[in-house]
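For this one, chain A is given, so just place chain B with the ligands on it according to the hints.
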Amino acid sequence: MNINMHNIIKKYENKTVLNIDELEIKKGLVTGIIGPNGSGKSTLMRILAGLDNDFTGTLHIDEQEVNPEISKHMTLVFQKPYLINTDVYHNIAYPLKIRGKSKSEINSKVQQVIELLQLESIQHQNANTLSGGELQKAAMARAIVFEPKLLLLDEPTANIDPQTMLLMENAISYINQSCSTTVVLVTHNIGQLQRMCREAVFMREGRVEKQGALRDVLSNIKGTYIGEFLEPEL
Amino acid sequence: MDYIMQGFGEAFQLLLSLDKEIYGIILLTLYVTIMSTCIAAIIAVPLGILIGLKNFRFKRTLIRLLYTFMSMPPVIAGLFVFLVLSRRGPLGQLELLFTPTAMIIAQVFLVTPIIMGITYNSTREKGQKIRQLAYTMGANRIQSLSLLLFELRADILAAVVSGFGRAISEVGAVMLVGGNIKGHTRVMTTSIAMLQSMGDYSQAIAIGVVLLALSFAINSILYHGQRVI
Ligand SMILES: Nc1ncnc2c1ncn2[C@@H]1O[C@H](COP(=O)(O)OP(=O)(O)OP(=O)(O)O)[C@@H](O)[C@H]1O
Ligand SMILES: [Mg+2]
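Chains A and B, in that order, give the protein sequences.
Residue numbering for the first sequence follows this note's numbering, starting at 1 and increasing by one per position.
Residue numbering for the second sequence follows this note's numbering, starting at 1 and increasing by one per position.
So that you can see chain A by itself, here it is in the shape it has in the complex (with noise of 0.2 Å):
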């Protein structure tokens, strides 16, 4: 799916959070999104997730306005996940079954997803039982196993050890890749967007400070906010 987004304007109370004159997100491909704290990041995919309708200006998806068909095909994973109260196959399978499929079918999807993400030895735990990182990968496998065409991820390695993040990151590779499934990823991890993203979006104060693709916004930054941003990274 492709967005774009028109004079994106959001308030809290008097408080300019978001303020977007022109942002757009290609289709098929990673787009990473980079900023320091408080910089709207999160604001942004709850926008761009739906769940967010107090905002003035246009956004479209696939040159629509967002609307139930259309979110039906498009998931987030937040920062902090919320996991139902079961254990973690049918967190996995809860997206699923709520599209009516056979239980043959939720079942080689949901150990698909189970394996990609090597979730084997928790499937059975409660998901109020996990730690931090066991219930990122969970929320993880709950987001691609409905094979969405947006897939939205605010910081979806934090806290997460090195050898998971690889993990991780081949998941969405590999549904970015096998679904051609779009992915916007906000992160704070330079190496991952390097890895990741062919496009990156730079945020500051809530505007959009550079955009396009990562050798692009990565580029001549010297003496620049974003230079001095990334400088203890490069």
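One or more of the hints may lead you astray.
[As the list claims (entries may be wrong)] Derived contacts from chain B toward chain A, CB cut-off under 7 Å, selection only:
hint, residue
1, LYS129
2, THR136
3, GLN143
[Said to hold, decoys possible] With a straight-line Cα cutoff of 30 Å, these simulated DSSO-like cross-link-like pairs (lysine-lysine) come out:
hint, chain 1, residue 1, chain 2, residue 2
4, B, LYS126, A, LYS80
5, A, LYS101, B, LYS129
6, A, LYS222, A, LYS149
For the record, the hints were derived by calculation from the structure and aren't laboratory data.
Nothing here was measured: the structure is a model prediction, and the numbers come from that model.
Cβ atoms here follow ideal geometry from the backbone N, Cα and C, with glycine treated the same way.
Frame of chain A, contents of chain B with the ligands only:
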């Protein structure tokens, strides 16, 4: 001290004697409390969820009122229902005063705010997150609502258990609107109060023991349900 031991002894004798009157009292107690708890739950659970999810004007005032009603003294609820149902009251023609129905109405007044308040609190805590998850998963309204009920199941059961506890232990309201009429509106709590005032302590203890046992049994069933679901 003797009469306490005697009371326990009599409790067993009472139960074993299959005394018609005592079983009538137990059955009426169960009927009134279960009916009132069920009716209250049917009203309070949906409303509690609704208030927990929606924002509207005067919500804060409503919540404050709700909390006040949660701790309303039973005699006040009893007095109110009494006045409404009394011969000269607005619903006097229904002739409900001093009937089990009047007792159920009074208890519904007491129990509804408790169940609603507890349900409201858990919904406020978790409701938004649950609905957002449902939305991101592509759930429709009904699926979203059923996920919400599923996630709040233990909280709702706890609310109902609290409401039931209030109903079965309450004496002031049912005394006022029921009148403790033998064989008609006498329940366990009102008989204890009456027996105590007549100085018949061992009988009072006997019924008290039965009431506690009953309450324990029903709570066990409900809590077992909470662990299972
Ligand atoms: N409910 C709210 N009420 C008021 N202000 C809010 C609310 N939610 C977010 N904000 C403000 O909006 C701004 C953007 O928040 P947002 O969560 O989008 O930042 P972010 O870029 O995701 O930050 P981080 O990297 O820390 O996750 C912040 O200044 C935040 O304080
Ligand atoms: Mg954020």
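- Query: Holds or violated: is there a CB of chain A closer than 7 Å to the CB of THR136/B?
  - Reply: Hint on THR136/B: holds, closest Cβ of chain A at ~5 Å, below 7 Å.
- For the pair we were handed, LYS222/A and LYS149/A, check the Cα-Cα distance against 30 Å. Violated, at roughly 36 Å.
- Within a Cα-Cα threshold of 30 Å, do LYS101/A and LYS129/B meet the stated pairing? 25 Å, holds
- Taking 7 Å as the limit, does the beta-carbon of GLN143/B come near enough to a beta-carbon in chain A? 5 Å, holds
- Item | Distance restraint between LYS126/B and LYS80/A, which requires alpha-carbon spacing of 30 Å or less | Satisfied, since the Cα-Cα distance of roughly 13 Å is no more than 30 Å.
- Hint check, LYS129/B versus chain A [nearest Cβ-Cβ separation less than 7 Å]: Where the cut-off is 7 Å and the nearest Cβ of chain A is about 5 Å from LYS129/B, the hint holds.
Consistency note: the structure conflicts with earlier hint 6 alone.
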